[in-house]
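Protein chains: 2
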Amino acid sequence: MGRERSHDVVFEAQAVSAGRMRNDITVHWPQMGESWQLATDEPPGLGGDSSAPPPLAYIVAGLAGCLMTNIRMMAAHFEVPIEELRVAARAEWERRVTPGAPHRAATRGFLLDIEIDSDAEDATVLRLVEAARDGCFVEDSLTEAVQVSHRLKLGYGWQEL
Amino acid sequence: MGRERSHDVVFEAQAVSAGRMRNDITVHWPQMGESWQLATDEPPGLGGDSSAPPPLAYIVAGLAGCLMTNIRMMAAHFEVPIEELRVAARAEWERRVTPGAPHRAATRGFLLDIEIDSDAEDATVLRLVEAARDGCFVEDSLTEAVQVSHRLKLGYGWQEL
Numbered sequence: 001m002g003r004e005r006s007h008d009v010v011f012e013a014q015a016v017s018a019g020r021m022r023n024d025i026t027v028h029w030p031q032m033g034e035s036w037q038l039a040t041d042e043p044p045g046l047g048g049d050s051s052a053p054p055p056l057a058y059i060v061a062g063l064a065g066c067l068m069t070n071i072r073m074m075a076a077h078f079e080v081p082i083e084e085l086r087v088a089a090r091a092e093w094e095r096r097v098t099p100g101a102p103h104r105a106a107t108r109g110f111l112l113d114i115e116i117d118s119d120a121e122d123a124t125v126l127r128l129v130e131a132a133r134d135g136c137f138v139e140d141s142l143t144e145a146v147q148v149s150h151r152l153k154l155g156y157g158w159q160e161l
Numbered sequence: 001m002g003r004e005r006s007h008d009v010v011f012e013a014q015a016v017s018a019g020r021m022r023n024d025i026t027v028h029w030p031q032m033g034e035s036w037q038l039a040t041d042e043p044p045g046l047g048g049d050s051s052a053p054p055p056l057a058y059i060v061a062g063l064a065g066c067l068m069t070n071i072r073m074m075a076a077h078f079e080v081p082i083e084e085l086r087v088a089a090r091a092e093w094e095r096r097v098t099p100g101a102p103h104r105a106a107t108r109g110f111l112l113d114i115e116i117d118s119d120a121e122d123a124t125v126l127r128l129v130e131a132a133r134d135g136c137f138v139e140d141s142l143t144e145a146v147q148v149s150h151r152l153k154l155g156y157g158w159q160e161l
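So the protein lines, in turn, are chains D and X. Be aware that the first sequence starts at 1, since it is given in my numbering, and climbs by one per residue. Be aware that the second sequence starts at 1, since it is given in my numbering, and climbs by one per residue.
Since the hints were made in silico from the structure, they are not lab data. Among the hints, a few may not be true.
Where chains are identical, the list cannot tell them apart; a pair therefore holds if satisfied intra-copy or between any two copies.
Stated by the list, open to error - Calculated cross-link-like contacts (lysine to aspartate or glutamate; reagent style EDC-like; alpha-carbon spacing at most 20 Å): (1) Lys153 with Asp117; (2) Lys153 with Glu130; (3) Lys153 with Asp122; (4) Lys153 with Glu4; (5) Lys153 with Asp113; (6) Lys153 with Glu121; (7) Lys153 with Glu12; (8) Lys153 with Glu94.
Source: prediction; values computed, not measured.
Assemble the whole structure, with the sequences as input and the hints as a guide.
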């Protein structure tokens, strides 16, 4: 086997608050020259107007979509013909509240049920899915403890948090 | 301070492949009785048709949106008036390739630059943002190593991976 190479995959976004809980977000993928307009909102029960999906809907869709895309890419790589592909996903978080204090977030975990229509043998389908898990950027970001850095603009300039 | 209580926050999704790299995804938030239709695709360079944002665009939007939503919720909690709120986000992954083998995913990290228009003192704004980080479900899911479980339907039934 040859030497491993690494290619950067970079996404950028500019987001601005709009309305009560709505955020308008432009996401760029500079390497591909593509941009998308996305928005998030919250239900009225959380002070929003339900004008767009909540942020957590995007996380669940991003995880399921990433795994499925990788299953198709690995099917091409291993030359395994697959027909329909379905995933049922479940994401569980906890909102922890102590009276008088603001809520805190915790994550219980994610569960993905995968169905692949293929004439290939079970062992081949299994190998395909394991390769897709290793290739899925979102699964890596969730299962590894990754760094989320913040800078906040204050009166005297940018403060690293 | 009173006893801490925990409330479940559960999202479910059903996703089906459609087209070359496209996935059509229905996301439900049962507790709120809301659903959204989302789709993912890839650029032509990756075998897709660019008919929808790629999964990683949803992850970046979900992270930025979640933090911003929490900043607004914490502003309400702490009774700190804020005007406009802007976030610039950057997400960096690596696609690792060894010749002949399928790609593997790695995550470098996420960077969020936060600008808040507020007459409040710097220390108050800082406290607000720190509370928002603790309250952000997406930041928790990324910075903690969380469980992503899979079940794959094989010829003999469901296999846990």
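Which numbered hints are broken by the structure, listed smallest first?
4 and 8
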